[in-house]
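Asks: In short: position in the sequence shown from 1, add 192, done, that's our numbering.
Just so you know, the hints here were simulated from the structure itself, not pulled from any lab data.
Calculated pairs, DSS-like style, for lysine-lysine (alpha carbon to alpha carbon, straight line, at most 27 Å):
#1 Lys330 x Lys381
#2 Lys346 x Lys331
#3 Lys359 x Lys381
#4 Lys359 x Lys427
#5 Lys396 x Lys331
#6 Lys346 x Lys396
#7 Lys381 x Lys412
#8 Lys381 x Lys346
#9 Lys330 x Lys359
#10 Lys346 x Lys359
#11 Lys371 x Lys412
#12 Lys427 x Lys412
#13 Lys371 x Lys331
#14 Lys359 x Lys371
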Amino acid sequence: LVMITAGDFIDATFGVAFGISTMAAAGFGQCCSDVVGVTSGGIVDASVSKLNLPRHNLSPDQLDLGISRRWSTFGACSGVLLGCLLGMSCLFFMDTDRSEKARKAKELQSIFESVMGDGANDTFNAERTTLFMLDEEKKELWSQVATGVAGIIKCSVDEGIAGACAKTGEVFNIPDVYKDDRFNQTVDKITGFVTRSILAHPIKNAEGEVVGVIQVCNKKNDDGTPGQFNDFDEKLVRMLASHVASFISVVDGDDD
193 LVMITAGDFI
203 DATFGVAFGI
213 STMAAAGFGQ
223 CCSDVVGVTS
233 GGIVDASVSK
243 LNLPRHNLSP
253 DQLDLGISRR
263 WSTFGACSGV
273 LLGCLLGMSC
283 LFFMDTDRSE
293 KARKAKELQS
303 IFESVMGDGA
313 NDTFNAERTT
323 LFMLDEEKKE
333 LWSQVATGVA
343 GIIKCSVDEG
353 IAGACAKTGE
363 VFNIPDVYKD
373 DRFNQTVDKI
383 TGFVTRSILA
393 HPIKNAEGEV
403 VGVIQVCNKK
413 NDDGTPGQFN
423 DFDEKLVRML
433 ASHVASFISV
443 VDGDDD
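Just need the whole structure built from these sequences, with the hints factored in.
Replies: As structure tokens, then:
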């Protein structure tokens with residue numbers, strides 16, 4: 193339990209911050225487990241002695257018998273096995289993909305900043321730009337790369353304009369999202385952000401498969417009033433999607 197919990201914590205914090213591999217984090221978790229085992233051994237012995245459990249009352253010669261040694265080994269193995277199974281039970285309640293997503297989100301953050309920098313909104317003259325990645329196994333989009341937003345954002349591919357873009361692989365230019373039945377209003381209600389217009393473009397790999405979505409929200413006119421995304425904006429986001437796809441292929445090791 194200590195090894196898994198400590199390893200997961202190290203993987204999710206120091207591993208993401210300093211690029212430590214999951215195997216290295218597991219090794220550090222094992223070190224923490226060994227230290228806790230050594231330091232808490234006396235406490236466990238003292239606690240058990242207070243329970244006044246009956247002793248075996250076997251003599252040294254009896255303990256040296258073959259049957260005694262076999263039962264002793266069996267008992268020790270059973271205890272270790274039961275302890276490991278109980279310790280691993282925490283895996284049922286842990287998000288084992290969290291660290292990998294956070295690590296990839298950090299790499300994608302660097303990619304997105306290198307391509308667009310802090311001028312993403314200025315480039316499109318919009319209020320928010322988000323880079324979503326597609327988790328094909330879980331059928332969800334996730335992102336930690338959204339201007340003005342902290343933390344990982346998750347949404348199903350069956351919900352919202354970004355989800356529709358990921359499922360169909362098509363470009364969506366919606367001038368008034370509240371008139372579109374596919375728009376998920378829940379996010380606005382939770383965040384307090386009011387979405388008016390959306391331009392969503394799929395990110396595709398070399399095989400033409402959708403791996404993510406770039407979503408730009410709330411186009412503004414030069415005077416700051418609400419506007420609509422035009423053909424030039426679609427060309428810009430198409431170029432951005434192409435650049436991001438190239439960088440992602442390098443991060444995933446698909447680039448030869």
